[in-house]
Amino acid sequence: MDDPLDVSADAVLADPVDSEVALAVAAHMQALWRYRRRIRRSRLGRRRYVGPVPGRRPSKHRDFRSGLRAILRDYFGLDGSAPVYDEADFERRFRVPRSVFLRIYHAVKGRPFVARRINATGRPQAHPLQEVVAAFRVITYGETPDRTDEYVRLSAWTIAMSVRELLRFIVDEFGPAYLRPSTPAELERILERNAQR
Amino acid sequence: MGSLDCSHWEWWNCPKAFASMYQNRHGKRSVVMETGCDEDLWISHLLVGCPGSQNDHNVMHASPLYLSVMGGEWPPRTFSYTANGTTRTLLYYLVDGICPPFAFFVSPFPDPTTEVETTFNRLQEALRKDVQRLYAFLTARFHIAFHPARHVTVESMVTVAKAVAILHNMVTEKRPDGYVSRTRMAAAAQAEAAGGSGGGAEGVMTRAAETPAAAGGSAGVAASDGVGGGGGGGTGLVLDGGAPAAGVGATGGGAGGGGGGGTGLSFLIVVDLPPVLAQPAAGLAVVGAVGRG
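The listed protein sequences correspond, in order, to chains A and B.
Under this note's numbering, residues 3 to 199 are what the first sequence spells out, in order.
Under this note's numbering, residues 455 to 747 are what the second sequence spells out, in order.
Computed footprint of chain B on chain A; a stretch qualifies when at least three of its residues, placed anywhere within it, have a C-beta under 8 Å from a C-beta of chain B:
1. 91-103
2. 136-148
3. 161-170
4. 185-195
Rather than coming from a laboratory, the hints here were simulated on the basis of the structure.
For every residue, glycine included, the Cβ atom is placed at its ideal position computed from N, Cα and C.
Model the full structure from these sequences, guided by the hints.
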């Protein structure tokens, strides 16, 4: 009886408390097995994502290029002409000065999600500028990605993902520099100004 | 070191299971953000993600800022300032009445009776208003933080709030002259220079010249500046006492003309009144400006 491996079922069942525990454990294990079988069956039954094939809803013909052209025409100037909206409009729309916007754009444009992709049919996908502009519109206006679709011509899913990616990127990239305790130099400046006022 | 306060951000998509934990005192689900900022509205401390059922006190106890102060790591003791002839080395934050009376907090008197206490409270609130202005700025500038959050997890809300704060800091760094504190200081320096003191006023004056273009950049920013300028002007009036006209003139220049809105209008009325009537009216205006934040 000293060796735990020698404990037989009879010995366990002799104690009523232990038998209850054993019953409960067995029931729990059975439930787990049932749950696992169900999960596995549902996973097998689910169809994998296969993209645009006959029988599925076709992709909408959004004309990505028109969205990019509109952005360039409005805010950056197309074909050497001046942009439609000036600096004040730019800052009002994007809530940041152009220099800050371009700094973020140039930092993020090579990132895996934001960088321009070529899809399976060989066509280029959305331009990084479109995604960054779409994300900024969602951030500054608080509007839904579906609404931004009308201007930048990207699907709501793409825009929601680019918002998420851009926010995470900003936190990772600029967080250490822009969200930190004050440096001694800043404290000195604050004290100096407090002394003045 | 600046002002410190908490604000609630309503959480629209709060799961049912978390509803009681995140329910704030207004009966809405929300997430608390604790923010510290200086006069330029540069955010130096941000803590997001505490459940809305916690009050400012609980949030403070979870704050890394509080823990580092308690652990003696912050603030650095190499600085000193002199107030009322006493030199101290422990820098402080301006807070509201809920915070406990620690040495690194300066909170208003809970029940001011004497004139000294009321004056102290008035001036303290006028300076602590910075952090209230910050919340107006953040939500007016980035509406994603203004609407109730449609995120499903607290993590994504934390990411959003941090990113918004970072963007705000980037703009603040880019536009240090667009804020009312700078225009106020520039106006004061100009007045001083006009009085014959001189001494390095040129640099300040050029900054003041650049300021209207910078402040006119966005409508929301201009409106917020107007409100802040009104409050600042009110404080100046009370302090100056005998010469209200000069203070109001400086405020009007700093707030960028038409950006002042209703607050500016009330001060125009104050100017027309005789000085005897102007004194209590200005005091009321200060109370209104502080209470609105």
